[in-house]
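Those protein sequences? They're chains R and E, same order as listed.
Letter by letter, the first sequence follows residues 1 to 216 in this note's numbering.
Letter by letter, the second sequence follows residues 217 to 693 in this note's numbering.
In case anyone wonders, no lab produced these hints; they're calculated from the structure.
Please note that a few of the clues may not be correct.
[Stated by the list, open to error] Using 27 Å as the maximum straight-line C-alpha spacing, the simulated DSS-like pairs for lysine-lysine come out as follows:
| no. | chain 1 | residue 1 | chain 2 | residue 2 |
| --- | --- | --- | --- | --- |
| 1 | E | Lys-239 | E | Lys-381 |
| 2 | R | Lys-46 | E | Lys-381 |
| 3 | E | Lys-239 | R | Lys-132 |
Only a predicted model underlies this, so the values are computations on that prediction, with no experimental measurement involved.
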Amino acid sequence: MPKVVRMVAEVVSEECTGCNLCVLVCPTVALGLRARRPDEPGPGRKVAVLDASACYNAQNCLEICPDDAIVMRDLDPPFTVGFDQTTVDTQAVERLCAATGLPPALGVCVCTRTTVAEIAAAILAGADTPEKVALATGARTGCTELCLQPILLLLAAAGHGEKPANPPGGFQWYGVCGTLYQHAQLDGSFPDDLVKDFPAYPLDRELLDLMRLRRS
Amino acid sequence: MHSSSEPFRRDLAPPPLLPTWNKRRPAEVVTQRVADLPDMVALPVRAVTPALPAPIWAPDPAFGPTDVEAIRVRTRDVVRAMDWSKIGRDTRVNLLANPHGFFLCGDAYVAMLEEIAAHVRVVTGARVRLRIAESMGHVENPDWMRIFDLPGRFGDAAECPQIGKGTRVATRFGDFWVTHNLFSGDYFIHTHVTEMREGYLHRMLDRLYKPFGMGYTRLETRSAYHIGFGPRTGQLVARAVFGSDFIQQRYTGTVVLDTTSEGVIGVHGDNDLAALDRRLAAGILRHYGTLIRLFAAIDECVTVFDGHGCGIYTYGGGIAFDNLLCADVDFLDLDNLALLSAMAAQGERKHDGLLMGSNPAIKAIVINYMAGGVPEQFVWDQYPTLVVGEPVYRWLITDPSNTYLAERATVLPDLPAALEQACAIAGTDKVIAFDRTPGAFRVSESMGRHLLEQAPAVAADVEHNRLPKWLAQRHLV
Chain R
1 MPKVVRMVAE VVSEECTGCN LCVLVCPTVA LGLRARRPDE PGPGRKVAVL
51 DASACYNAQN CLEICPDDAI VMRDLDPPFT VGFDQTTVDT QAVERLCAAT
101 GLPPALGVCV CTRTTVAEIA AAILAGADTP EKVALATGAR TGCTELCLQP
151 ILLLLAAAGH GEKPANPPGG FQWYGVCGTL YQHAQLDGSF PDDLVKDFPA
201 YPLDRELLDL MRLRRS
Chain E
217 MHSSSEPFRR DLAPPPLLPT WNKRRPAEVV TQRVADLPDM VALPVRAVTP
267 ALPAPIWAPD PAFGPTDVEA IRVRTRDVVR AMDWSKIGRD TRVNLLANPH
317 GFFLCGDAYV AMLEEIAAHV RVVTGARVRL RIAESMGHVE NPDWMRIFDL
367 PGRFGDAAEC PQIGKGTRVA TRFGDFWVTH NLFSGDYFIH THVTEMREGY
417 LHRMLDRLYK PFGMGYTRLE TRSAYHIGFG PRTGQLVARA VFGSDFIQQR
467 YTGTVVLDTT SEGVIGVHGD NDLAALDRRL AAGILRHYGT LIRLFAAIDE
517 CVTVFDGHGC GIYTYGGGIA FDNLLCADVD FLDLDNLALL SAMAAQGERK
567 HDGLLMGSNP AIKAIVINYM AGGVPEQFVW DQYPTLVVGE PVYRWLITDP
617 SNTYLAERAT VLPDLPAALE QACAIAGTDK VIAFDRTPGA FRVSESMGRH
667 LLEQAPAVAA DVEHNRLPKW LAQRHLV
């Protein structure tokens, strides 16, 4: 499902201190820094600069900026981003999805209604970092939150799990988090210490029910 | 006409719409609130749950004292009884707060925070800084820093969004990332409110731990809570993070406001989070469980969003809309595999009892005002949605999380027209609005009468059947 991008960020250079925070949180790496010109008023030696074509209205820059140096402007006309998964071999997409255990039809980016299969297809087509996945699909440019773990899982399963942060030191993403499933034993049970320490949590039943759900 | 014995009130106004962090002024755009409509009444929650304890503080004088002095006195008693000896002189202590506390308990929450900070400063000689854990929808919500003058009252106060720098935390379930600036001090104090938001996620398992799996964490941890664990086990993330060496080395204690739909009924604290959670859990289940199940007794309705909060987190009668959205499933019953449908593959919603977030009793939605920031396409997909006025519609479709609403929403010029059309679509005149009125549901008279009729049976069912099971499942009996 494509995302319609209706707003674009704008740097208020007179307020920008060049602190770099916006650069570190943009999911599509649409922001960078440049030297402030001598005739350009403002508090810092550097100033943020935006590649408007890569701004998908995630608004992370707006949220993180401590100096009110980002504003959002209406975009006229809006543009649409999304990835056509039919351009990629269906069986390869299914294999990549299967490698993560995530159902292809599962909606991972709820904001753009992007599915696991669409993410997998974009990765197979060359999107080998979370930033490129975001640029190709629009995923990670809404709430930027719900979809992150499955995208990192799919990238890792495709052999792209060790990519460095872009930009260096960026905190758009860190790494794959722990899961319940990684602790399941071959027979579907969980280690005795987990069962003993978390008695109110139905660990074994949870796994069986989730498998049932995913088979449905 | 309703009989004079009905407890409906027409004198309860919703809280005003406040300026938002992203500099919007909804009060200047929203010209009519649901409460202004002649057919709408306020049904006090006490009329349907008469056993609620009396508040020691309420946001509206109709339900209790609005003076925060009782909160201050109780908080001082609580923090004096706690052990702060772990905190050394001249160390840095982060007092962790969350926007839901400001949203629901306002001045009472700020008063509690002030008393904690003052006491800890005095008894330890430490430097206490206020750190607010932000979440999705932050920029769309009221600007609590300015509204409560938090920098002026706390000196060092900062908002810490989940998109900020992270810190890796090794746990027995694997690595997770927490928000660096929340835990950048030598120690921290955890605060909370007990209200029942996102019950479908935490399932009232380790309720007070939840921020350690969500609010205090980075994007990838929150994603893993939703995707990497099951519908009854997401709270293991919170338990795992809290139990990590990183957190335990810094954790000092927890102080919470115990709430009902009417306000605050108590202040509680403990250095032992597990003990505190167990002390409060039964009361939370009892006080909110009946109202949640009363939502399940709604057979048909039009829902109106008319306040701050992001759609599913708009509040009415002191509880969030997500409780109505998921009311077709008893998510407090741990036998129920109730997975939020937003995260499900297409087609899975046909399995009744498995997936919630698709309450068939909701027939249409009217948005008079709501904040963005939380993706809700699964809501727009299911229900005819009408938006009042172009300015609010424009705000909604430019929200990064909800551009899709443009394909689903119909824009109407004013609230009466939208509500009339929604009722025609729904085939019912039962309306319930989430306008942030505390202590009372904003309803049409027909809905009010329906809730009054259903309440005794619901209360009996909860008391005699459901609550004993909920408690037993959580080892609380």
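Taking the hints in turn, this is what the structure says about them:
| no. | hint | verdict |
| --- | --- | --- |
| 1 | E:Lys-239 with E:Lys-381 | holds, 25 Å |
| 2 | R:Lys-46 with E:Lys-381 | holds, 21 Å |
| 3 | E:Lys-239 with R:Lys-132 | violated, 32 Å |
Checked against the numbered hints given earlier, the structure breaks only hint 3 and satisfies all the rest.
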